[in-house]
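J.: Now for the letters of each chain:
There are 4 protein chains.
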Amino acid sequence: MLNFTLIGAGRIGKMHAQNIANHPLCNLSYIYDVDTELASSVAETSKAKIASSAEDAINDKDVDAVFIASATNTHIDYIILAAQAGKAIFCEKPIDLDITKVDYCRKKIKNLNVPIQIGFNRRFDPSHKKLKLSKDEGEIGKLEKIIITSRDPGPPSKEYLKISGGIFRDMAIHDFDFCRFILGNDPIQEISAHASQLFSDDIRDVDDYDTSMVIMKSQSGVLCHINNSRRAIYGYDQRVEIFGSKGMIISDNQSPTSVKKFDKNITNSEDPIYYFFIERYDQAYKNQLENFVNCIIKKKPTSVNFEDGRKALIIADAAYESLAKKQTVKINYS
Amino acid sequence: MLNFTLIGAGRIGKMHAQNIANHPLCNLSYIYDVDTELASSVAETSKAKIASSAEDAINDKDVDAVFIASATNTHIDYIILAAQAGKAIFCEKPIDLDITKVDYCRKKIKNLNVPIQIGFNRRFDPSHKKLKLSKDEGEIGKLEKIIITSRDPGPPSKEYLKISGGIFRDMAIHDFDFCRFILGNDPIQEISAHASQLFSDDIRDVDDYDTSMVIMKSQSGVLCHINNSRRAIYGYDQRVEIFGSKGMIISDNQSPTSVKKFDKNITNSEDPIYYFFIERYDQAYKNQLENFVNCIIKKKPTSVNFEDGRKALIIADAAYESLAKKQTVKINYS
Amino acid sequence: MLNFTLIGAGRIGKMHAQNIANHPLCNLSYIYDVDTELASSVAETSKAKIASSAEDAINDKDVDAVFIASATNTHIDYIILAAQAGKAIFCEKPIDLDITKVDYCRKKIKNLNVPIQIGFNRRFDPSHKKLKLSKDEGEIGKLEKIIITSRDPGPPSKEYLKISGGIFRDMAIHDFDFCRFILGNDPIQEISAHASQLFSDDIRDVDDYDTSMVIMKSQSGVLCHINNSRRAIYGYDQRVEIFGSKGMIISDNQSPTSVKKFDKNITNSEDPIYYFFIERYDQAYKNQLENFVNCIIKKKPTSVNFEDGRKALIIADAAYESLAKKQTVKINYS
Amino acid sequence: MLNFTLIGAGRIGKMHAQNIANHPLCNLSYIYDVDTELASSVAETSKAKIASSAEDAINDKDVDAVFIASATNTHIDYIILAAQAGKAIFCEKPIDLDITKVDYCRKKIKNLNVPIQIGFNRRFDPSHKKLKLSKDEGEIGKLEKIIITSRDPGPPSKEYLKISGGIFRDMAIHDFDFCRFILGNDPIQEISAHASQLFSDDIRDVDDYDTSMVIMKSQSGVLCHINNSRRAIYGYDQRVEIFGSKGMIISDNQSPTSVKKFDKNITNSEDPIYYFFIERYDQAYKNQLENFVNCIIKKKPTSVNFEDGRKALIIADAAYESLAKKQTVKINYS
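Quick note, the sequences are listed as chains A, B, C and D, same order.
The opening position of the first sequence corresponds to residue 133 in this note's numbering, with each subsequent residue numbered one higher.
The opening position of the second sequence corresponds to residue 133 in this note's numbering, with each subsequent residue numbered one higher.
The opening position of the third sequence corresponds to residue 133 in this note's numbering, with each subsequent residue numbered one higher.
The opening position of the fourth sequence corresponds to residue 133 in this note's numbering, with each subsequent residue numbered one higher.
Hints were generated in silico from the structure; no laboratory data involved.
These numbers were taken from a predicted model, which means no experiment stands behind them.
Incorrect hints may appear among the rest.
Identical copies go unnamed one by one, so any copy, or any two together, can satisfy a pair.
What the hints assert, rightly or not - Keeping only pairs whose Cα atoms sit at most 30 Å apart, straight-line, the calculated DSSO-like set for lysine-lysine is:
no., residue 1, residue 2
1, Lys443, Lys457
2, Lys267, Lys396
3, Lys233, Lys294
4, Lys462, Lys349
5, Lys181, Lys396
6, Lys262, Lys239
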């Protein structure tokens, strides 16, 4: 049995709490949130204790792992605390919005040798993962193109937008990581980013973009396209296409049912696709936890590590640089 | 160049006229219709002469082939006339609604040895034909089931319904033939027919059924299901499914475009399927003519012959017998 | 908290054990199986006690509900025992293969007034249920046709075949019930059944059929077609189509992923559909339990009751009568 | 009746010859090709005369329209000749590979006021056109993104590659035009182009790219992505997606049949998509001719004019500039 401390009891923290509580090998010992009421409401359904301080909950000697799902700007402090306490760490994406802080954290935890996994959930989605495995097994031959479409159903609150880090660091970062995951040993070397303010006054007010597109090139010449939107009226649009010398594989959108309707106006029309990440990546979140637990128990390296979190942020930063300079920008991971 | 006489200038006759006129090896010499105005309107666009009598148009020594698309109850007279004149004959389905007359005709033309083809167009549809070819090539292994869905967009006029011969002789006859086509050398041996009067007062008034289902069994035990409706609000529903030891093949509905729409209410919704037979089987009608022309020129037996037309009618008659007796009925082709 | 006794620890019992153990309002108290080793292996993963006798496990005063997933010929004894003990009962389909015994059981439990639910899982599948709800909300207007395709990936063992009751009582019974579910207050009045022995020697040896088709008609004239096969090489084929005055709804097959492949030979090819019932109806089994628990707690009538189980068997019996007589048979539910 | 002179009897010229010959309002008077044998073989099937010189065929006073389907570097000479002769002109894309020559031609024909249409066939494809019309009718609300995938089945010959003008001028030019068509009055203002040499030695040898991606931004901020490949093993991949405030429309790939296959390894697999442009855009080419004929007869402006051809080339040139500078480049249409 692994004992967990969960930091953060918001929407995604709540979901993680349930997954941990339901996992046969996990025990959710503590929940901490600056908002005690939020912590209580989640604790109730999961039988965990409410921690009076994050420090205590992290340092408890019976705790094996710390699950960080709090506000992004608190991630690094908790990572360092947990690493110093020798706990296994799961941290939601992004590690931080500031690469300087990420590098500071990286240095602090370097010699502590704790397992740390970053919350890039797409890697654990059965369909996206199947696509990656098929590629690795050579089904499409030599990879030549990756095309990712990633659109949220609607923009977040203005409060969140202010601290989100912008569309590339907050949203596209998942897609940067997924491109890296598909590419494997073939690093992304350059990026060209483009963005527009088309529909959201809130987003415009905080100097962010609601619509964006990037093209990246890998060392071997693979071209990668990502397009993001902060609003898709038909639901959470999540598609990945890979193309190579022997064929193409698409991981397409998903609907909760396999119902198709036909009437005077519609033909073969399916039920709406999943509305947002909690529904769409339900299984991915469970598989992600399973994988994390498995890595801890079998003392294997985590599948998505600190370096993966850092590199995705470096690409996001490069996207902003490209946007500002209107140039293709080389990516420097060092 | 083959010279054609076309008998019948209604909706389907008009379409045949165009196909014949556009065929590089065909010349449409004469059009005859009891309604001279109708004949004129079709003649205009095809440069054919209007015949003052069917007899003259059939007997003209320069005419090679007679295309019969007139009212069903006139088919047999024209077939006999054309056969006696030694012309190649194409006759729309059904040969006649009365098997006694069909057998009379059969006897009359037996020794005249003219090529005769019946208008079972589905055999020439690229998708349905591909399904049949795939089966013949062994792609689904041993055939075990055939399932045909065939629904018209809406019922015909009451005038037509009165003389249509009923849903099995008028509509399902296409599907009986197509089952026979798929089965090849494995004859249909028995049929169980079921029908309802559910929505059309006109159809009820003429003692016909608007909705029907049959199950047939072949000599080898293949089970065949056909379901027909006289109204499908979403268009002309034409599907064929074959199932066997190694897999399944479906010939699905078709839409004029490959457009898919997504909004708040619809997901992946395609354009409406083709509205009716003229649109849906456009290519089938052209291929059917091509095949007929080819058989004449190369002096090969026609692909859908008089016996095929006769046997489909025998099955339709058996359907009515089954319906009346509420029994499964053996089919007697002799 | 509801305490459960589970009778039967085979493949489906094991799955039920997990669902009960994972349900927040359920406690799996006892597992009983004639095969003690089987019971032990399931008990281990679910923390339930192994019962030394079914009687003790059923009669324990702390037990609220009895879940019967044992061999079909034991169902009735356990139902009576549990009903006499005043427990809520869930019983896998079919109640029994012999309508006389079912009627005996019915009489015995009549005045005991315990909630009893039969395991027709399809009613709880999100897609099939959505289809039913859409119909009830009038989306297809007046219902005219139901078409159900239900094919297993492969035949069961010869041992099982001997005691299965045959394709209609063992397999089609699900589809008979689902037709009844869609039809609601419009009872099925007659049936015509057809079957073949096409591929399985085992099935032929036990005088059963591997391939079947039926047509049923409801009181209002709705035509229903069901086609079953004991082997579909591409997986567990589970499709339902309803057709009416305003349109059509299809509940189509499902694949574990949304991956589509394209290469020289395949176009838009999806991952294989779910292999069999455990995978395909995973969510249905969970929803079914949820529904059963909810009915007990809120003291509501169960959604699929003893009469539903009995009527489905009566239809299956009528199918055999139709098969033997080669006639359409009236169904007598009294 | 319009009399046509066709210049060029290669693969695409041959197809145009058939379409002209089959059109009820067109007469193919002359065919000219530098390769007289080629001209003869096409002339045979279309009953046209073989012209001994392009000049004579263009200047014949009975000729109404000149159809230019010869090598790209001859287009401008023929356009000028035909314009000076006062003929209506249809010219295959691109007008020329050199914008200086295009501008010279533009100046020469400016005051001659002949109708001229450029062969951007995608505008006339029923599916792509439906997508454009749906957008114009407001079905997706305010347009925000265009995503075009355009991949050839295989690279052209090395001979052709040498004179093709490169992937952007030869291939992407169709997609540049189609973006412009969708955008309507919202001009493309900037472009960022990216390309790789991944699989074709021939293409590498001539310093061209086999794989490319661009992002363009319109005046209003619409982001457009195009991705091209010179080889797609599964056929001619032609997809257009538009996304806006009220939804999304996709014009998807097309297969010659609606057959779907299921076996041990494949699920719902369709027949291969159309192999290349002659098959895929068969109807588009016919509609394009229909439109051209209609514009001449009704003396309406052509739908795709010289300026459209010029602007698409300007965008292609900007793509190369962007590629060389690794910058986003402003497009100057003046």
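J.: Check each numbered hint against the structure and report the violated ones by number, ascending.
T.: Hint check: 5 and 6 fail, others pass.
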